[in-house]
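There are 2 protein chains.
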Amino acid sequence: MAAVTFRFPYPAAGSAAPDLVAQPVDAPTISVMDAAAERGDGAFETFGIVGGAPQAVRDHLERLRESLAMLELPDPDLPALAETCRRIAARATGDAWLKLVVTRGGMDRAAPSAWAVLADAADTAPLRTDGIAVVTADRGFASDYAAREPWALIGAKTLSYAQNMAAIREAHRRGAGDMLWATSDGVLLEAPTSSLVVRRGSALVTPDPRVGTLHGTTQRAMFRWAEGAGLETAYARLTRADLASADAGWLASSVRGAVPISRVDGSALPIDRARTDEIAAFLRARRD
Amino acid sequence: MAAVTFRFPYPAAGSAAPDLVAQPVDAPTISVMDAAAERGDGAFETFGIVGGAPQAVRDHLERLRESLAMLELPDPDLPALAETCRRIAARATGDAWLKLVVTRGGMDRAAPSAWAVLADAADTAPLRTDGIAVVTADRGFASDYAAREPWALIGAKTLSYAQNMAAIREAHRRGAGDMLWATSDGVLLEAPTSSLVVRRGSALVTPDPRVGTLHGTTQRAMFRWAEGAGLETAYARLTRADLASADAGWLASSVRGAVPISRVDGSALPIDRARTDEIAAFLRARRD
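Chains as they are written, first to last, in our numbering: chain G, 1 to 288; chain C, 1 to 288.
Excised from the complex, chain G in its bound form (with noise of 0.2 Å):
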């Protein structure tokens, strides 16, 4: 499947789900002066998509929602965008992603932009056999800052990424395959694209998100996963010596799922090799 993007008017709050029209995915089809271009001010969210459907669909629309509120654009209709990714997810041949966007609009601001595209999703059974080995950096805040100063979208999913691609390629440099950020008073965060999930004995822990952190998709599954699997889950304070220290740690995220963690800053973390297989099946297993 040859990868297409789909332009279509903004679903407000009350319109209804907009035609849609596939374009070839390198067409161009939006204004340099659309916010996301000039200033990467939008937000985003990416959908696995397995069957032909979408995965996690009302908890990536809640936290789109969140992401727009943050930065103050109108609020979507979330049944007219979930019945649209459920319509573009239907054109999948196969395991696929959907990313979905909302910007600020075009040059006038007058209204948000918004499109989606679909492509194919690579293979993650290797990710998930190697695990990756990731390194950790200083994200630059302290884990009070996104309470304190909320305007910072702190917690925002938005198209400003290059921070974070930066952050993988140093991860990269290191001899790394992702990277971990933690505050700067020491508390871990999530990695440039992914959740944090350590296993401590029998519970699940991740990061709190008000300490600055995206409240993952893939994390909340893993937690329901392990709700049924007879595990506790926490949301907590985590540093460097936890994650040394875990039985298990995954990097979770919509696209690649869940990834063992094989290295942290270059000494070995085991591979729980049985839950990891678990909560694949588990994650693949999910419609919305």
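These aren't lab readings, by the way, just hints derived from the structure by calculation.
The model shown is predicted, which means the values in this text are computed figures rather than measured ones.
Any given hint might turn out to be false.
One side only, chain G facing chain C, incomplete, derived with CB under 7 Å [what the hints assert, rightly or not]:
(1) V32
(2) A152
(3) Y161
Computed far set for chain C versus chain G, every beta-carbon distance over 12 Å [to be verified]:
(4) G42
(5) E83
(6) S202
(7) H215
(8) R240
(9) D265
(10) A268
Beta carbons: idealized from backbone N, C-alpha and C, even for Gly.
Given chain G, work out where chain C should sit, using these hints.
Just chain C now, with coordinates in the frame of chain G:
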């Protein structure tokens, strides 16, 4: 003059100036998966245009090269870009601005994308007369962060400006015209789209870029004016108390010029009308 867009092949080092074709600014000219729109992953510079010529071309293009280096994008051909800016500026029919953008490229990231936008500038005289009220806020990072974590792109002029735009909205909410950021340890930085310059007696002082700011092109021009006017100039660590006790302050940027700061966190700051006018005349008279 209607705003126009120019898309052209990125002139990497050794390339000649590209041919230019103008398109309406709202025309769809890029893919939604260009790195600009997908991730805010690119760099930009905005040039003032007076009399059909771009201003501070060398300072802008050197800073663009530094931003691109921090982003690990290929070096540009600076003479080719300078010639491109001059050709575009020659089409302006009055005071204008020119925004030059380089991104990591289309969906395949095979080569950087490049474009420019030319548009009329607004009249900045009222802002110079009234001055602008600013409120301060914590940017989050400490004054040693930029040097300690160079991967974080502090000091690169990237397209990831969602937080900058949010800061301006927050300033408006607080009844001010602009925000002035400080580090978490209280060192003044810059505004979301301009540099801070203060006068203390016979000296112009600006925050040291190594603390975590862009090195302002208009601030540098103000320093050249100051040297001609018999004032001293200095890069320093400035605190909120330094600003409150300053003899005058300005927010300096290519499009607005040097705008006097009238209030800081609700307290009045003197407006230095004579020097504001002298600086405005100096900035306007510049040719590169």
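A quick look at each hint next to the structure:
1. V32: holds (5 Å)
2. A152: holds (6 Å)
3. Y161: holds (4 Å)
4. G42: violated (8 Å)
5. E83: E83 (chain C) clear of chain G: closest Cβ-Cβ about 20 Å, beyond 12 Å.
6. S202: holds (36 Å)
7. H215: For H215 (chain C), whose nearest Cβ neighbour in chain G is about 18 Å away, the distance exceeds 12 Å, so it holds.
8. R240: Non-interface label stands for R240 (chain C): nearest chain G Cβ at 16 Å, farther than 12 Å.
9. D265: holds (15 Å)
10. A268: At roughly 24 Å from the nearest Cβ of chain G, A268 (chain C) sits farther out than 12 Å, so the non-interface label holds.
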